[in-house]
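Asker: Here the protein sequences come in this chain order: A and B. For the record, in the first sequence the residue sitting at position 17 is 4 according to our numbering, with numbers rising by one throughout. Numbering-wise, our numbering comes out as the position in the second sequence, counting from 1, plus 104.
Keep in mind that the hints were calculated from the coordinates and are not lab data. Note that beta-carbon positions come from the ideal geometry of N, C-alpha and C, so glycine has one too. Careful: at least some of the hints might be erroneous.
When the alpha-carbon atoms are kept at most 20 Å apart in a straight line, the in silico EDC-like pairs for lysine to aspartate or glutamate are as follows [stated by the list, open to error]:
(1) K200(B) x D173(B)
(2) K382(B) x E404(B)
(3) K433(B) x E404(B)
(4) K157(A) x E146(B)
(5) K89(A) x D76(A)
(6) K157(A) x D335(B)
(7) K178(B) x E100(A)
(8) K147(A) x D394(B)
(9) K325(B) x D18(A)
(10) K353(B) x E100(A)
(11) K153(B) x E224(B)
(12) K147(A) x D343(B)
(13) K389(B) x E345(B)
(14) K147(A) x D204(B)
(15) K433(B) x D18(A)
(16) K74(A) x D58(A)
(17) K147(A) x E220(B)
(18) K360(B) x E390(B)
(19) K147(A) x E359(B)
(20) K154(B) x E224(B)
(21) K166(B) x E220(B)
(22) K389(B) x E230(B)
(23) K389(B) x E404(B)
Output of the computed footprint for chain A on chain B, the stretches with three or more beta carbons under 8 Å from beta carbons of chain A [stated by the list, open to error]:
(24) 328 to 337
(25) 372 to 381
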Amino acid sequence: VVEIVTSLVRHLPRLLVFLAFAPAVFAHRLDEYLQATLVAIEPEGIRLEINLTPGVAVADKVLALIDSDRDGTISTNEATAYAELLKRDLSVQLDQHTVGLKLAAFNFPSESELRTGVGIIQLEYSIIAGSYPGGAHRLTIADRHLPALSVYLFNAALPKSASVQITAQKRNENQSLGEIEFTLNRPANSPKEFGIIASLIALPVVVVAAMVNSKSVKKA
Amino acid sequence: MKDHLQMKAGLLLSVLGITAMLCMGGRGVFAEDSASAGKASEDIAAAGKKFLASLDDTQRGKVVFDFKDAAQRKRWSNLPTGIVHRAGLRMGDLTKAQRDAVLAVLAAALSPQGYEKVIEIMDADETLKKSGGNNPMFGRDEYYVSFLGQPSTTDPWMIQFGGHHLGLNITLAGEHGTLTPSHTGVQPSIYELEGKTIRPLGRETDKAFALLSSLDDAQRKQAILGFQMHDLVLGPGRDGETIQPEGIKGSDLTEKQREMLLDLASEWTGIMNEAAAKAKMDELKEHVTDTWFAWSGPTEKGAAAYFRVQGPTVIIEYAPQRLGGDATKHIHTIYRDPTNEYGAKWWKS
């Protein structure tokens, strides 16, 4: 609260201009930084999609972390640096083991758009890229990025694959901490596993056949 | 043995007879639905053509987009047009006859109560404008209309109408019609106009509280989410996304409560004309036991609370907005069908 009040006082001139059209203020986010997280869990991997919307009164504070050279534009390097900064404020555990995040994609609107309270920063992180073991899992995500300014939404996306089932979702009251319990049912002989098994069986046969063939050639 | 065969033959004939009766009886009902849908489709296309005929060439060039224009299809928002630009024709730039023609298109595509809701949302924005020193960002003039494709009773086409707190995406494909995804919202949620008190989203608010108060303690425990909801999860801009449902499942509600749930959903499905609304409601009824109701926030009637209705073919969210004022006076809602956004199942191969 103290930080918000301090920020409001610091940006009073801009707010006064803004308040000249009072109802306009209510049309968009004001003193909150909305962090909306969607967790996509599929057999091929787990991704985190985060949409960030800074309100008008907190945009300066957020932009101070992004536009490090204060030139009024957000460069690719600045965008990447901010995405990495936010990544450090996220702690992710899968089955009680800390897992690292990899930045997969990002999209930053212009600085002027962000200052109006309608610009949305979109970040995508990969939690697991590729296959992981079947069975019951628990994914826990804690978001500690700018807690004094932020409000949160945390949701599991409805899995596209029928082999993933979300069995429970839990959050703390403000949704900065979320936990998803899910099961992944991998078929005993999935096509990939079947291919590996078939290759392992076929390999000795091919080797023996090659040896026999080689002997036959030598004899000839 | 002979008796057994006779019994089997008798049973077969009975089954065939009942099937034939059902088919004949059913044909009557389906024929009626089809005729109603066909008539609606003709009326909407006719109103659309009449509106286009009222325009000059320049205006027509601005209002009609290619049906496959994906950028225009997604160009809708809860925000005022001064913040998020809409394309098409602005109501304030049209003549009275042209504006009436636009409203006639909406009247043909929507139900009477759906049309009334749209008008009341725009009137609320006019009220907002007047109460805010005539801020040019708001008001009845700041709504835009556009068509994707040409009005037709056979080929798919789309009517977009929206501005602040309104994003109608009406896709029509032959006798089919859908409103998903669409946004309704309001600010102020209650106002006086010509001596009458108007609540554009009043029925959905009241029905949601009635459903909540019908739940017993065990049901409430399931329905009420133990965390704050600050906004819509799947609002404008979140096309193609679906979340894991939460709350209380339709199968855990009583028959009466399931009816209340469907009645609540009808406040969104029923915005469309009778034929399209009935088709959608039939679909919802089919899945009602798999449809969830979730609540977040205070439970006292009229308080600022979030709720969600989610089934296999529907997502409805209702979220009071805390953007600097009384959250009960500023409401955002979203209506989606994750299986048929923009009617894609009827035209996308």
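Asker: It remains to establish, for every hint, whether it holds in the given structure.
Answerer: Outcome of the hint check:
1. K200(B) x D173(B): Violated, at roughly 29 Å.
2. K382(B) x E404(B): Violated: K382(B) and E404(B) sit about 32 Å apart, past 20 Å.
3. K433(B) x E404(B): Distance of about 16 Å is within 20 Å: holds.
4. K157(A) x E146(B): Given that 20 Å is the threshold and the Cα spacing comes to 49 Å, the pair is violated.
5. K89(A) x D76(A): Distance of about 13 Å is within 20 Å: holds.
6. K157(A) x D335(B): Cα-Cα ~18 Å, so holds.
7. K178(B) x E100(A): holds, 18 Å
8. K147(A) x D394(B): holds, 17 Å
9. K325(B) x D18(A): Judged against 20 Å, a Cα distance of about 32 Å means the pair is violated.
10. K353(B) x E100(A): violated, 40 Å
11. K153(B) x E224(B): violated, 26 Å
12. K147(A) x D343(B): holds, 15 Å
13. K389(B) x E345(B): This hinted pair is violated, its Cα atoms lying about 23 Å apart.
14. K147(A) x D204(B): violated, 44 Å
15. K433(B) x D18(A): holds, 18 Å
16. K74(A) x D58(A): violated, 24 Å
17. K147(A) x E220(B): Outside the cut-off at roughly 38 Å; violated.
18. K360(B) x E390(B): At roughly 16 Å apart (the allowed maximum being 20 Å), E390(B) and K360(B) satisfy the hint.
19. K147(A) x E359(B): Outside the cut-off at roughly 31 Å; violated.
20. K154(B) x E224(B): violated, 24 Å
21. K166(B) x E220(B): At roughly 27 Å apart (the allowed maximum being 20 Å), E220(B) and K166(B) break the hint.
22. K389(B) x E230(B): violated, 37 Å
23. K389(B) x E404(B): The hint is violated at about 29 Å.
24. 328 to 337: holds (count 7)
25. 372 to 381: Coverage by chain A is violated here, the residue count being 0 at a Cβ distance below 8 Å.
In this structure, the earlier hints numbered 1, 2, 4, 9, 10, 11, 13, 14, 16, 17, 19, 20, 21, 22, 23 and 25 are contradicted, and the remaining ones agree with it.
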